[in-house]
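Asks: The task is simple: from the sequences and hints, build the whole structure.
Under this note's numbering, read the sequence shown as residues 183 to 489, first letter to last.
Hints in this document: simulated from the structure, not taken from any laboratory.
This one's a predicted model, so the numbers in the text were calculated from it and none came from an experiment.
All clues stand as given, with none of them false.
Across the chosen pairs, the derived CB separations fall in these ranges:
no., residue 1, residue 2, range
1, Y455, I362, 49 to 59 Å
2, P224, I381, 13 to 23 Å
3, G467, D274, 47 to 57 Å
4, Q194, E249, 23 to 33 Å
5, P224, Q270, 24 to 34 Å
6, Y455, G293, 21 to 31 Å
Backbone N, C-alpha and C fix where the C-beta goes; we use that ideal spot for every residue, glycine too.
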Amino acid sequence: MGTPEWAAPSLQAVLDSGTEISAVLTQPDRRVGRKQQLQPSPLKQYAQGKKLTVHTPEKAGSAETIELVSSLAPELVLVCAYGQILPQSFLDIPKIGCFNLHFSFLPQLRGASPVQAAIASGFEKTGVSLQKMVLRLDAGPLVAISKQEVIRQDDTTPLLGSRLAEIGAQLIHDTLPKLIAGDFNAVGQIETEATYCQIIKKEEGHVRWLEETAIEIERKLRAYVPWPGIFSFYSMPGNSENKQRLQLTKVEVVSGNFEPGKIYPELIVGSLYSGLRILRLKPEGKQEMDADSFLRGHPQIVGSVLA
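Replies: Structural data, given as structure tokens:
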């Protein structure tokens with residue numbers, strides 16, 4: 183069970199093991215893009231390419247889904263970024279259990295966005311956990327954990343997530359035979375050490391110049407690739423009502439004393455305690471461009487304040 187491309191390496195690991203796969207469950211096709219065309223999930227595309235049976239239930243906890251999965255009579259269920267919470271009636275179906283691959287060292291960063299949260303929080307290392315699922319979110323006992331993976335200074339969510347997906351696939355490769363044989367230990371998580379991350383909302387990409395440091399903003403930019411990105415708003419002098427959206431796509435931290443939100447030469451913007459040089463950006467309704475190109479078209483923006 184899974185949805186994004188990060189789930190594909192683990193599916194391949196199961197295929198490589200020779201274990202019988204009765205079915206792949208993934209999210210239904212969704213409408214995407216300006217034309218709102220139906221598009222299957224990345225895992226559905228991958229599984230169909232391997233000639234596997236794919237089911238796309240709307241709700242994992244519906245009576246129809248429970249009946250479907252029960253009819254498959256699975257020994258165990260493997261989950262990687264499926265995107266829905268499984269009810270107890272689902273967890274009770276497989277004889278051995280449901281096991282979830284989670285992209286953090288649990289109990290740290292339980293929840294929907296552990297890769298983004300690790301980057302945004304400035305973690306130096308992260309990893310992958312394999313847990314036996316319980317009804318509480320990411321609170322199940324651990325059956326395996328991966329080696330540590332260093333978070334690089336230029337890591338974005340797609341880059342780090344892709345590496346963790348491969349690490350997770352290796353964890354599945356090493357652990358699956360033990361799960362099938364029932365030869366594994368499940369170690370309870372330490373509840374007092376649990377931390378959480380939430381589903382990311384679009385408005386979280388709005389830069390808060392008065393509250394965030396330049397280091398925090400730069401991390402957030404890398405964490406929020408490709409969505410929601412980070413953005414701010416500006417209005418030209420004498421026209422405060424006409425606010426334009428600026429999406430920041432490449433930045434660097436600069437030292438010095440700057441007024442938070444104020445735009446300085448070289449497209450440096452003040453933030454809490456320091457400044458942020460905008461290297462590349464995408465103005466509303468236009469293509470991405472570098473800072474020099476933007477300043478040539480908007481020289482009067484220096485001295486304005488981003489909000």
